[in-house]
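The numbering of the sequence shown is this note's numbering, which starts it at 117 and goes up by one.
Mixed in with the good hints there might be a few duds.
[Stated by the list, open to error] So the derived label-pair ranges between C-beta atoms look like this: (1) K151 / D395: 22 to 32 Å; (2) R252 / K151: 46 to 56 Å; (3) A259 / P203: 13 to 23 Å; (4) H299 / S194: 22 to 32 Å; (5) T417 / R251: 12 to 22 Å.
[Unchecked claim] Below, a list of computed lysine-lysine pairs in the DSSO-like style, where the Cα atoms sit at most 27 Å apart: (6) K198 / K151; (7) K238 / K186; (8) K198 / K224; (9) K154 / K186; (10) K197 / K224; (11) K238 / K225; (12) K225 / K198; (13) K238 / K197; (14) K186 / K198.
The set of hints was computed from the structure by calculation and includes no laboratory data. Here a beta-carbon is modelled for each residue, glycine too, at the ideal position from N, C-alpha and C.
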Amino acid sequence: MNRITARQVTLAILVSYALTLTAFAQGRFDDVQIKTVKVAENVYMLVGSGGNIGLSIGEDGAFVIDDQYKELSEKILSAIKKMTDEPVRFIVNTHWHGDHTGGNENMKKIGAVIIAHENVRKRMSTEQFMAAFNRRVPASPEAALPVVTFTDEMNFHWNGDDVHVFHVDPAHTDGDSIIHFRHANVLHMGDTFFKGMYPFIDVSSGGSIDGMIAAADTALKLCNDQTKIIPGHGELADADDLRAYREVLQAVRDRVRSLVDAGMTRDEVIDTEPSAEFDADWGGGFMKPDVWIGIVYDGMTKN
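Turn these sequences into a full structure, and let the hints steer you where they fit.
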């Protein structure tokens with residue numbers, strides 16, 4: 117397969133992923149099952165289609181991080197109901213993408229308060245353009261928007277834990293939040309962390325590989341050998357997994373940076389295959405190596 121054809125195939129894969137952000141396809145969620153993974157006492161990860169969901173349960177009520185797609189709300193609520201009879205009180209969105217916020221409207225209908233960084237509400241309130249997919253994303257309905265926003269951080273004293281929700285500098289997007297369950301020793305990193313795969317970086321929303329590395333550094337400062345980490349995508353992780361991810365990002369970032377500084381064009385950088393030694397282990401997700409390198413390049417040169 118020649119390079120042009122390979123890139124066309126990769127683009128088709130990316131377009132398919134982009135379409136899932138608004139979940140237009142009818143019936144595509146019929147066979148999705150919500151898997152519940154215990155992370156710590158009273159803290160769980162729910163896996164379905166889209167970003168991983170965090171769940172804290174206890175007598176105060178359910179505290180939920182992200183809510184995937186609207187078509188999955190009934191299944192998600194059913195999975196939560198199996199864990200607790202208490203209602204869903206809060207939904208925290210880690211960023212604005214539809215595979216993490218698509219259920220907001222349904223969750224708000226049952227009385228949940230939607231919370232996110234102020235940039236999440238701003239982006240959801242207006243049409244967005246995602247250059248990586250050459251696609252426009254329409255504004256979300258008013259009923260899906262976060263009703264409580266913050267600039268830097270928030271704290272919840274909830275279900276016997278102290279939950280710290282804090283914004284990081286632009287990484288995956290400009291509205292990323294990490295959630296730290298201090299007592300449970302659990303982090304939910306949203307899409308600042310893709311376990312075992314190259315991450316999608318939404319350059320159109322302010323993201324950059326430098327920001328992704330910085331977010332990993334911030335999270336690692338909160339970790340010890342017992343810390344459990346819920347990634348935005350991928351299986352439950354620990355600090356060693358996050359360190360490995362960070363090392364790959366830094367190695368590739370440094371190589372691409374040197375090529376950019378040498379004056380290479382986007383296609384020339386991609387052709388050098390700067391991630392080649394990592395591709396077998398990290399290139400199996402929806403971010404294929406050549407497309408991912410292009411996105412890294414775009415983030416470095418966008419200004």
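Which hints, by number, does the structure contradict? 2 and 13
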